[in-house]
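Colleague: Make a model of the complete structure from these sequences and hints.
Residue numbers for the sequence shown follow our numbering, so the first one is 277 and each next one is one higher.
For the record, the hints were derived by calculation from the structure and aren't laboratory data.
Using N, Cα and C, we set each Cβ at its ideal position, and we do this for glycine too.
Be aware that one or more of the hints could be misleading.
Stated by the list, open to error - The calculated EDC-like cross-link candidates involving lysine to aspartate or glutamate, where the alpha carbons are at most 20 Å apart (straight line), are: (1) K354 / D340; (2) K353 / D308; (3) K337 / E359; (4) K330 / D348; (5) K287 / D382.
Claimed, not checked - So the derived label-pair ranges between C-beta atoms look like this: (6) L319 / K281: 20 to 28 Å; (7) A358 / D295: 29 to 37 Å; (8) T341 / V381: 37 to 45 Å; (9) L338 / S311: 17 to 25 Å; (10) A350 / R291: 30 to 38 Å.
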Amino acid sequence: MYGIKNCDTIKKARRYLEDNGIHYQFHDYRVDGISDELLSTFLQHIDWDILVNKRGTTWRKLSDTEKNAVVDAASAKKVLLAEPAMIKRPILISADNRYLVGFSVDDYQKFTQ
277 MYGIKNCDTI KKARRYLEDN GIHYQFHDYR VDGISDELLS TFLQHIDWDI LVNKRGTTWR
337 KLSDTEKNAV VDAASAKKVL LAEPAMIKRP ILISADNRYL VGFSVDDYQK FTQ
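Modeller: Structural data, given as structure tokens:
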């Protein structure tokens, strides 16, 4: 699981996994960072428009010019490397390399079965 430790959605997702006895490793962008390689892998499996969290504080702090410049995977990658807090979270990756972005109990139940 990838995200930021103090994010409320991350807390809910982690609690779900722990309450259901599902082992996971957690990667905190603020502590562990995000590499170009890891972000490239995310972008191979997740559409850039889904990966960019446009509802968060960090996105809202960008100027209109900066926001309007995010038009494709390459421009999204540049912004997300500079501001990892804008990566939508959590990102959950299964042992068989399936990706899930965000958290809902229904989605996690289906994903972890």
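Colleague: Could you run down the list of hints and mark each one as holding or not?
Modeller: Going down the list of hints, with the structure as the test:
{"no.": "1", "hint": "K354 / D340", "verdict": "16 Å, holds"}
{"no.": "2", "hint": "K353 / D308", "verdict": "18 Å, holds"}
{"no.": "3", "hint": "K337 / E359", "verdict": "11 Å, holds"}
{"no.": "4", "hint": "K330 / D348", "verdict": "14 Å, holds"}
{"no.": "5", "hint": "K287 / D382", "verdict": "16 Å, holds"}
{"no.": "6", "hint": "L319 / K281: 20 to 28 Å", "verdict": "23 Å, holds"}
{"no.": "7", "hint": "A358 / D295: 29 to 37 Å", "verdict": "35 Å, holds"}
{"no.": "8", "hint": "T341 / V381: 37 to 45 Å", "verdict": "39 Å, holds"}
{"no.": "9", "hint": "L338 / S311: 17 to 25 Å", "verdict": "22 Å, holds"}
{"no.": "10", "hint": "A350 / R291: 30 to 38 Å", "verdict": "36 Å, holds"}
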